[in-house]
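A.B. asks: The chain contents come next:
2 protein chains.
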Amino acid sequence: MTQHTPDWIAVDWGTSALRVWLMRGDGEVLERRRSESGMGGLSRDGFEPALLELVGDVLRDGRALPVICCGMVGSRQGWAEAPYASVPCAPPGIAQATLVRSAEPRIAAYILPGIKQAAPADVMRGEETQIAGILAADPGFDGILCLPGTHTKWAHISAGEIVSFRTFMTGEMFALLGEQSVLRHSVADAGWDAAAFDAAVAEAMSRPERVAAGLFSLRAETLLSGLAAQTARARLSGLLIGMELAAARPYWLGQPVRIVGADAIAAPYLAALRAQAAEVSCVADEEITLRGLIGAYAALSEGVE
Amino acid sequence: MTQHTPDWIAVDWGTSALRVWLMRGDGEVLERRRSESGMGGLSRDGFEPALLELVGDVLRDGRALPVICCGMVGSRQGWAEAPYASVPCAPPGIAQATLVRSAEPRIAAYILPGIKQAAPADVMRGEETQIAGILAADPGFDGILCLPGTHTKWAHISAGEIVSFRTFMTGEMFALLGEQSVLRHSVADAGWDAAAFDAAVAEAMSRPERVAAGLFSLRAETLLSGLAAQTARARLSGLLIGMELAAARPYWLGQPVRIVGADAIAAPYLAALRAQAAEVSCVADEEITLRGLIGAYAALSEGVE
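Going down the list, the sequences are from chains A and B.
Take the first sequence: its letters are residues 1 to 305, numbered as in the working numbering.
Take the second sequence: its letters are residues 306 to 610, numbered as in the working numbering.
Accuracy of the hints is not assured; some may be wrong.
[Claimed, not checked] Simulated restraints, written as ranges between beta carbons of each label pair: (1) B/388 - A/206: 32 to 40 Å; (2) B/322 - A/33: 29 to 37 Å; (3) A/160 - B/382: 55 to 63 Å; (4) A/41 - B/322: 28 to 36 Å; (5) B/568 - A/159: 54 to 62 Å; (6) B/345 - A/43: 53 to 61 Å; (7) B/507 - A/256: 49 to 57 Å; (8) A/184 - B/603: 52 to 60 Å; (9) A/62 - B/496: 50 to 58 Å; (10) A/206 - B/560: 18 to 26 Å.
[What the hints assert, rightly or not] Short derived list, chain A residues pointing at chain B, Cβ under 7 Å: (11) 121; (12) 169; (13) 172; (14) 178; (15) 179; (16) 180; (17) 184; (18) 203; (19) 206; (20) 208; (21) 221; (22) 223; (23) 265.
Because the hints were derived from the structure by calculation, they are not lab data.
These numbers come from a predicted model, not from an experiment.
We treat Cβ as the ideally placed atom computed from N, Cα and C, and that holds for glycine.
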């Protein structure tokens, strides 16, 4: 139980997890909570109970506590569909949010929209709120944001707007190939080989098609010459990130790049971009999403007052 | 129960299945049998019982029936390790086979070796016996064999030898991305769109790195413009096969190519190679592996006589 009654609740509701922050109106975090009730495992009727299970104890009768959500919770299969905003646009805020119709009088739940791009076709849900958080901390940022993850996003930011973006399934492919394919026998769960990573990035960037042949070579080298499993892991990562960087070249070439993510996931991107002499910096802000949600709450409370 | 006692047994023992043919000495098939006891699910002690369960009823006391096996059964985790032959070499035959030490006196089991290549590192187990089968039917074949599958093999054949080969995980990636990744919501289990496939092949061949970005576009187009699931399936296949063809260009460019495989798996390769004006033919010989095993038996029986 928290000591104070929160003024509002911030919610990052993704495919695999539900994270909430019990918040004071001034932006102070009273308490963090988390459950595994991600959007992927819930039917439409399951969202409200999942949220109430996590925060029901702090709700009070007679008051609808603002709950501001971002992420896959706003998808067609989510709690309520929050229509996409379209690039170019500023990260959408509370004015574009969808108010969830709920039978629970103790909450007023808003879902922030994702962003879409018509050509090339692309979508994001959740990252736009991270971008809002980055711009809240650094309103003048102009350049490229790289948000590595299961689905890495590259976004061109200018004059406070998301101009264009592109999604790469690099993280998901790394997990599928390393854990589910025949390469699972060759690739370690952890460990690294920086030189092998660098060489694989360079190979994939100069001849991206070779990634197709380079994958099975990892298995063959394990069998024939005892390739170390952590070297195989670094090479697999390097091949996939190299192919991504080759495709994302229009984003990072000649532009300042800021990688947003925890060290473990940001480090390979940082190394690969530095090897290309890109102008790159790195911020590891675990609560960047919260910053974006705080911005949305501020607009809500201003609107209310 | 078979009508006749077989003279020998042909065995194609892969990762996921065990296929046997009860054979007469003249090459006639008495009976086909199959079980799901693939190498992937067996420990070393499990192979002999799995085989006896399938064929024990045809064995006779007082005689060791020749059993000739190919495939992953000869891997390090298999029944017995059959060391690789090295390219350049003819498809290995019975003289290079490993005789399994077995407590069962009613069988004499041989495992044909796989083939390895030092640089670029590559291995095959099972396909060498398919190649033996192809060369048995057409001893003068000189050119490129494409054996599409979970792990597609390209092999350069000249003067009866495998000169070099290369493995692509295209089939496995197609299955992982289409069934396990976020694209599973976009990609149909069946159906096709030939124009979408052709366009995706052309895109991947001209700009292979774009495959990295093109994958998530399938998901985005589903969400934004209702991309048909069978079109998504054809595009996913086209992107992956296009990248493979870009990497395998040294194999197929200016060389006669023969695709060996059932229609469903050969057809996209045929279409993609024809679009590149490659000189390509297709043989759908389901029992090509059996032909290779029959060749090995012939050498064994000649050696015995």
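A.B. asks: If you test the structure against every hint from before, which numbers come out violated?
C.D. replies: 2, 6, 7, 8, 14, 15, 17, 18, 19 and 23
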